[in-house]
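J.: Here are the chains, one letter per residue:
There are 2 protein chains.
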Amino acid sequence: MKLEFSQENLLNALGIVSRAIPSRTTNPILECILFDASEDKIRLTANDTELGIETEAEGTILERGKVALNARLTLDIIRKLEGGTSSVTIESGENFAVTIRCEDSVFQIQGRNGEEFSYLPQIDRDNYICLTQFTLKEAVRKTLFAAALNDTNKMMGGIYAEVNGDTVKFVALDGHRIAVNNVTMRETYGSAKVIIPGKTMSEVSKIMTDDNEKEVLIYFSKNSILFEFEKTIVISRLIEGEYFRIGHMMSHDYETKVTVNRLKFLNSIDRATILIRESDHKPIILNIRDGGIHLTVKSSYGTMDGDVPCTKEGRDLMIAFNPKYLLDAMRVIDDEEITLYFTNAKSPCYIRDDAESYIHLILPVNFVV
Amino acid sequence: MKLEFSQENLLNALGIVSRAIPSRTTNPILECILFDASEDKIRLTANDTELGIETEAEGTILERGKVALNARLTLDIIRKLEGGTSSVTIESGENFAVTIRCEDSVFQIQGRNGEEFSYLPQIDRDNYICLTQFTLKEAVRKTLFAAALNDTNKMMGGIYAEVNGDTVKFVALDGHRIAVNNVTMRETYGSAKVIIPGKTMSEVSKIMTDDNEKEVLIYFSKNSILFEFEKTIVISRLIEGEYFRIGHMMSHDYETKVTVNRLKFLNSIDRATILIRESDHKPIILNIRDGGIHLTVKSSYGTMDGDVPCTKEGRDLMIAFNPKYLLDAMRVIDDEEITLYFTNAKSPCYIRDDAESYIHLILPVNFVV
Numbered sequence: 003m004k005l006e007f008s009q010e011n012l013l014n015a016l017g018i019v020s021r022a023i024p025s026r027t028t029n030p031i032l033e034c035i036l037f038d039a040s041e042d043k044i045r046l047t048a049n050d051t052e053l054g055i056e057t058e059a060e061g062t063i064l065e066r067g068k069v070a071l072n073a074r075l076t077l078d079i080i081r082k083l084e085g086g087t088s089s090v091t092i093e094s095g096e097n098f099a100v101t102i103r104c105e106d107s108v109f110q111i112q113g114r115n116g117e118e119f120s121y122l123p124q125i126d127r128d129n130y131i132c133l134t135q136f137t138l139k140e141a142v143r144k145t146l147f148a149a150a151l152n153d154t155n156k157m158m159g160g161i162y163a164e165v166n167g168d169t170v171k172f173v174a175l176d177g178h179r180i181a182v183n184n185v186t187m188r189e190t191y192g193s194a195k196v197i198i199p200g201k202t203m204s205e206v207s208k209i210m211t212d213d214n215e216k217e218v219l220i221y222f223s224k225n226s227i228l229f230e231f232e233k234t235i236v237i238s239r240l241i242e243g244e245y246f247r248i249g250h251m252m253s254h255d256y257e258t259k260v261t262v263n264r265l266k267f268l269n270s271i272d273r274a275t276i277l278i279r280e281s282d283h284k285p286i287i288l289n290i291r292d293g294g295i296h297l298t299v300k301s302s303y304g305t306m307d308g309d310v311p312c313t314k315e316g317r318d319l320m321i322a323f324n325p326k327y328l329l330d331a332m333r334v335i336d337d338e339e340i341t342l343y344f345t346n347a348k349s350p351c352y353i354r355d356d357a358e359s360y361i362h363l364i365l366p367v368n369f370v371v
Numbered sequence: 003m004k005l006e007f008s009q010e011n012l013l014n015a016l017g018i019v020s021r022a023i024p025s026r027t028t029n030p031i032l033e034c035i036l037f038d039a040s041e042d043k044i045r046l047t048a049n050d051t052e053l054g055i056e057t058e059a060e061g062t063i064l065e066r067g068k069v070a071l072n073a074r075l076t077l078d079i080i081r082k083l084e085g086g087t088s089s090v091t092i093e094s095g096e097n098f099a100v101t102i103r104c105e106d107s108v109f110q111i112q113g114r115n116g117e118e119f120s121y122l123p124q125i126d127r128d129n130y131i132c133l134t135q136f137t138l139k140e141a142v143r144k145t146l147f148a149a150a151l152n153d154t155n156k157m158m159g160g161i162y163a164e165v166n167g168d169t170v171k172f173v174a175l176d177g178h179r180i181a182v183n184n185v186t187m188r189e190t191y192g193s194a195k196v197i198i199p200g201k202t203m204s205e206v207s208k209i210m211t212d213d214n215e216k217e218v219l220i221y222f223s224k225n226s227i228l229f230e231f232e233k234t235i236v237i238s239r240l241i242e243g244e245y246f247r248i249g250h251m252m253s254h255d256y257e258t259k260v261t262v263n264r265l266k267f268l269n270s271i272d273r274a275t276i277l278i279r280e281s282d283h284k285p286i287i288l289n290i291r292d293g294g295i296h297l298t299v300k301s302s303y304g305t306m307d308g309d310v311p312c313t314k315e316g317r318d319l320m321i322a323f324n325p326k327y328l329l330d331a332m333r334v335i336d337d338e339e340i341t342l343y344f345t346n347a348k349s350p351c352y353i354r355d356d357a358e359s360y361i362h363l364i365l366p367v368n369f370v371v
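Going down the list, the protein sequences come from chains A and B.
Using the numbering used here, you'd call the opening residue of the first sequence number 3 and step up by one each time.
Using the numbering used here, you'd call the opening residue of the second sequence number 3 and step up by one each time.
Any given hint could be a false lead.
Which copy is meant is left open, so a pair is good if it fits within one copy or across any two.
Calculated lysine-lysine pairs in the DSBU-like style (CA-CA distance at most 30 angstroms, straight line) [to be verified]:
no. : residue 1 : residue 2
1   : Lys-4     : Lys-300
2   : Lys-224   : Lys-326
3   : Lys-4     : Lys-259
4   : Lys-300   : Lys-82
5   : Lys-82    : Lys-314
6   : Lys-224   : Lys-82
7   : Lys-4     : Lys-266
8   : Lys-326   : Lys-82
9   : Lys-171   : Lys-259
10  : Lys-82    : Lys-266
11  : Lys-4     : Lys-224
12  : Lys-208   : Lys-348
13  : Lys-259   : Lys-82
14  : Lys-233   : Lys-266
15  : Lys-224   : Lys-259
16  : Lys-266   : Lys-43
17  : Lys-208   : Lys-171
18  : Lys-171   : Lys-326
Hint data in this document are derived by calculation from the structure and do not stem from the laboratory.
Looking at chain A on its own, in the form it has when it is part of the complex (with noise of 0.2 angstroms):
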């Protein structure tokens, strides 16, 4: 195999693929990155076998063939060749000895055979949904940060996203907190539910672009599902299991309606934090009355207090929050003000708006005055 590229267009291909090279791993072909030239396009293909990450790379082909490489070490000698435009020249000769060239550095490295490389399993293309790509990268910013990646409970490690008709639902929680996201697609679809692992929806959020005209495909099938954007494709196993039933807690009864600035409320929560360690498990409380928010936070590093204005219609209520899970809902909303609404001090607090494109859900604490 001889192939021939410009080292910029070889850099963003690895660094789209490298995406599914698991950051542990004792199977050394798990490591490799597989460039396969073997029929008329440059397809670079990595697969840790929960996630896959395919893309083609723009480049020449002089030979033909295939060969696995290790990836960090080839991005790291890719990323180090002077100058954007030079050209790689990456061949591959006897037992996968591979060189690269470009200008005055030559580097041999012993490459794997291709055919041990697990190449991604082929999907059913029946069941889809297309969103623009800005848009189902703001829907895993908007919920992944409620999920627990690290949980026991594999489903709370993964955003689950439900399509019916024209719209998808988006869900991550922990326990203490539910993110929903809502999208109104262009099109009518069928229907889907799956959870999709949460690392799987951080790696496509990342290579997935800004734009707002560009799209991505999104297929689902039995176990697996895959996306489709540009000249990559990403597949993923899906998490088993049924997911929580969230729709008995999405309450819409209140006692107390609160709108308040956004910003302002962020930022004096933000300041209360600095008296707070994580493991102190110390409350922020919130003291909402007619015209202002008293916010009072107190620990063994001291007091603070702070006020922020408020507009509120029912009933006064004090009631206490660990300050990350207010922090981080209103981190993502991006409207200038926002409505919370309360029962009592036992009860979740929602964020959401009037057409409930984003429904926050945070369960209070209990706290002493």
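Dock chain B against chain A, hints included.
T.: Showing chain B alone in chain A's frame:
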């Protein structure tokens, strides 16, 4: 005590003195910054007994007094207060309970009695030199990398400064290499020989500006050194003992002289290091011939060969180095072209300019071809 500051001025002063706060200590007063407004100025001081920093903060004294405040907590609070222009008041009450107010936020934290705090020692101001802050920063940048801050030999963790009339020589070494920076001053002074702790030089360097007009006064006493610039003074203990005699190592004989483009040589060595892990101790082999240096690295990851054009005088030579030492030296040189002097494969290499404003000595390592 009651003081008023603009957030920006206070943050600036806190940022300077907090560089003398030790990262780990069991003595809580060492974690504090002293706010002293017992006279007409507001002085902030931190002192870990090795290194002490005092600066004057711009602000208004509403009530005289002094109090010591936890540095990290105070810095966190002031940093998070809204906008750079808000005014901040710091007021200490009974039992050194301190209230920090800014707009809608009120923090209460526990201060400590300012009398517990050890002031900076008085230093004799007879023997001194004057440099621009830029010159001193550059001298640190160009030598400190060669010091061994964690070596059991404390002297290797320092920068040696030798004043002689209108010149000052800065030296750092770690047993494998020596970096020398010779500075010519605008005026003529006496003489001094001191070893300044690397940490002191590093912190002073971070506090000073890049401004080539602003000056720093450096006072030498028997056991201490004092840096004075703008509204700040830094006092540090010196490392005791007699520094290594490097004079006899600074040979001017050579058998091979090579002039090379610094960036081309640096980039080529940098690429080669991709194949070397720190723990490997694999050398880079330079094969110096008419017209070019051929570089070779062999490791368990593969091999790399590179060619860098050069102008050579004298004998051909094959010599090997720890590539890190070559890179470190070349990164702090500003010249486009550099000249390397060699005697044989067992003798040190020198990189120096004709005026000897800098000299880098690097020991070679053994190699097998």
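J.: Now, for every hint given, state plainly whether the structure supports it.
T.: Here's how the hints hold up against the structure:
1. Taking CA atoms no more than 30 angstroms apart as the test, Lys-4 paired with Lys-300 passes between copies only; the shortest distance there is 23 angstroms, against 66 angstroms inside one copy.
2. Within a single copy, Lys-224 and Lys-326 get their C-alpha atoms no closer than 36 angstroms, and across copies no closer than 52 angstroms, so neither meets the 30 angstroms cut-off.
3. Taking identical chains as interchangeable, the C-alpha atoms of Lys-4 and Lys-259 are never at most 30 angstroms apart, the minima being 66 angstroms within one chain and 40 angstroms between chains.
4. Taking CA atoms no more than 30 angstroms apart as the test, Lys-300 paired with Lys-82 passes between copies only; the shortest distance there is 17 angstroms, against 51 angstroms inside one copy.
5. Taking the shortest Cα distances, Lys-82 and Lys-314 sit within 30 angstroms of each other only across copies (27 angstroms), while inside one copy they are farther apart (58 angstroms).
6. In this assembly of identical chains, the alpha carbons of Lys-224 and Lys-82 never lie at most 30 angstroms apart, being 42 angstroms within a copy and 49 angstroms across copies at closest.
7. For the homomeric pair Lys-4 and Lys-266, the shortest alpha-carbon distance between copies (27 angstroms) is at most 30 angstroms, but the shortest distance inside one copy (59 angstroms) is not.
8. Taking the shortest Cα distances, Lys-326 and Lys-82 sit within 30 angstroms of each other only across copies (16 angstroms), while inside one copy they are farther apart (40 angstroms).
9. Taking the shortest Cα distances, Lys-171 and Lys-259 sit within 30 angstroms of each other inside one copy (25 angstroms), while across copies they are farther apart (70 angstroms).
10. Proximity of Lys-82 and Lys-266 under a CA criterion of 30 angstroms is satisfied inter-copy only: 12 angstroms between copies versus 45 angstroms inside one chain copy.
11. For the identical chains of this complex, Lys-4 and Lys-224 are neighbours neither inside a copy (39 angstroms) nor across copies (68 angstroms), given an alpha-carbon limit of 30 angstroms.
12. In this homomeric assembly, Lys-208 and Lys-348 never come within 30 angstroms of each other (Cα to Cα): the closest approach is 38 angstroms inside a single copy and 50 angstroms across copies.
13. Proximity of Lys-259 to Lys-82 under the C-alpha cut-off of 30 angstroms is restricted to the inter-copy arrangement: shortest distance 28 angstroms between copies versus 56 angstroms within a copy.
14. Proximity of Lys-233 and Lys-266 under a CA criterion of 30 angstroms is satisfied in neither setting, with 43 angstroms inside one chain copy and 35 angstroms between copies.
15. When the C-alpha separation of Lys-224 and Lys-259 is checked against a cutoff of 30 angstroms, the pair qualifies neither within a copy, at 42 angstroms, nor between copies, at 70 angstroms.
16. Proximity of Lys-266 and Lys-43 under a CA criterion of 30 angstroms is satisfied in neither setting, with 53 angstroms inside one chain copy and 34 angstroms between copies.
17. Proximity of Lys-208 to Lys-171 under the C-alpha cut-off of 30 angstroms is restricted to the intra-copy arrangement: shortest distance 21 angstroms within a copy versus 50 angstroms between copies.
18. In this assembly of identical chains, Lys-171 and Lys-326 lie within 30 angstroms of each other by CA distance solely inside one copy; the values are 24 angstroms within and 53 angstroms between copies.
Of the numbered hints given earlier, the model fails hints 2, 3, 6, 11, 12, 14, 15, 16; all others are met.
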